[in-house]
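Chemist: The residues making up each chain are set out below.
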Amino acid sequence: DVKVTQSSRYLVKRTGEKVFLECVQDMDHENMFWYRQDPGLGLRLIYFSYDVKMKEKGDIPEGYSVSREKKERFSLILESASTNQTSMYLCASSSGQLSEAFFGQGTRLTVV
Amino acid sequence: GQNIDQPTEMTATEGAIVQINCTYQTSGFNGLFWYQQHAGEAPTFLSYNVLDGLEEKGRFSSFLSRSKGYSYLLLKELQMKDSASYLCAAPREETGANNLFFGTGTRLTVIP
Numbered sequence: 001d002v003k004v005t006q007s008s009r010y011l012v013k014r015t016g017e018k019v020f021l022e023c024v025q026d027m028d029h030e031n032m033f034w035y036r037q038d039p040g041l042g043l044r045l046i047y048f049s050y051d052v053k054m055k056e057k058g059d060i061p062e063g064y065s066v067s068r069e070k071k072e073r074f075s076l077i078l079e080s081a082s083t084n085q086t087s088m089y090l091c092a093s094s095s096g097q098l099s100e101a102f103f104g105q106g107t108r109l110t111v112v
Numbered sequence: 113g114q115n116i117d118q119p120t121e122m123t124a125t126e127g128a129i130v131q132i133n134c135t136y137q138t139s140g141f142n143g144l145f146w147y148q149q150h151a152g153e154a155p156t157f158l159s160y161n162v163l164d165g166l167e168e169k170g171r172f173s174s175f176l177s178r179s180k181g182y183s184y185l186l187l188k189e190l191q192m193k194d195s196a197s198y199l200c201a202a203p204r205e206e207t208g209a210n211n212l213f214f215g216t217g218t219r220l221t222v223i224p
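Chains A and B, in that order, are what the protein sequence lines are.
Residue 65 in our numbering sits at position 65 of the first sequence; the count goes up by one each step and never skips.
For our numbering, count along the second sequence from 1 and bump the result up by 112.
Isolated chain B, as found in the complex (with noise of 0.2 Å):
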């Protein structure tokens, strides 16, 4: 079947760096998701990988590496703002792509 793990909650000083993990098992992989929701909101999507290696979008960065099964969120130069909630995600494995199975998050508070 289908799992995704990542820790539930993690703490860290704001100016910090931060590495949320995520691992999954799935038996197609078809890229893994990131999505930010802060509390009582919507969640927002951060990144896509399908590649293995590291993509940087400002001072949110995404890795994957398919072989382990493992992702994980870096977010750089943390601010109070970044204190959500961070979902990673990968499509469902028996309805097809355009469907997202979703972990149970990690909730990220930021300290001064």
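So here's chain A without its partners, still in its complex pose (with noise of 0.2 Å):
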């Protein structure tokens, strides 16, 4: 059974804290993905990776990092977190291209 597992289900962090959250995959898939979810926004992406060591910008990168030192490892970090960056975050994978993601269970970051 294919996975993307996510470090944490559910984490509460304070004001000004470096959070680091971390998506593994088993599926041997190039591309690997952070979204945060919020209500009536729907899915927006943070970061993306085609390969290791490699990382682009998505649409709201602001106040986030990312790592990939290996092909099935992709962190986010929040360099400093925020009551902002309380959200829904899911990782997600594929392989090549226009081909299903999927998904992780998703970590739901509160910030307080």
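Worth flagging that the hints you see were computed from the coordinates, not collected in a lab.
Heads up, some of the hints might be wrong.
[Unchecked claim] With a cut-off of at most 20 Å between alpha-carbon atoms, the simulated EDC-like pairs for lysine to aspartate or glutamate come out as follows: (1) Lys169(B) to Glu100(A); (2) Lys55(A) to Glu189(B); (3) Lys55(A) to Asp28(A).
Once you've looked at the hints, go ahead and assemble the two chains, each given alone in its own frame, into the complex.
Modeler: Listed below in structure tokens is the structure:
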């Protein structure tokens, strides 16, 4: 059974903390993505990567960075968490072009 | 620019048929995806259309008209478990076909 695994389902952090969200996929996919999902705004792309060591900004990269040191792992970093980063974060992976994306279960992050 | 529009909410009765519409604007067309997302869970792939017409998969069918920039998802014999959000998505114009742009989703409520 193919899988995208996010390290935490729920997370509560304080304003100003550095936060790491981890995502691992076991399908040998080249492409990995980080989205955030907010009511009324849908899924918005934060960062994506098509290869190891490669990263590209999505629609809303401000306040975030990513790391892809290994093909199966894509980490999202909140450099200094703020309350407006309270959201559901979804990681996804896919193979090649025009292929379906597989999503992780999501991390609901609350910044207090 | 790229845009996807779909209704925010719909309600339908168990056993009935419901059609969820999606209109899109994109400069280069590479197909249209539908995903299902139950509350608190990850989106899961339903269908991908690149040619005009209707594609059927059990109780779910997806239709595409490229000339009209229009797609719909048809759910037959509705069941309570079909209560979910349905996301329409298209490959992004600027970053290539590996990467999806999502609509805000249609939340479907099935009532007895």
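Chemist: If a hint holds in the structure, say so; if it doesn't, say that too.
Modeler: How the hints compare with the structure:
The hinted pair formed by Lys169(B) and Glu100(A) meets the criterion: a straight-line CA distance of about 16 Å does not exceed 20 Å. Of the pairs offered as hints, the one joining Lys55(A) and Glu189(B) is violated, with about 44 Å between alpha carbons and a cut-off of 20 Å exceeded. At most 20 Å may separate the alpha-carbon atoms for a hinted pair to count; Lys55(A) and Asp28(A) meet this at roughly 17 Å.
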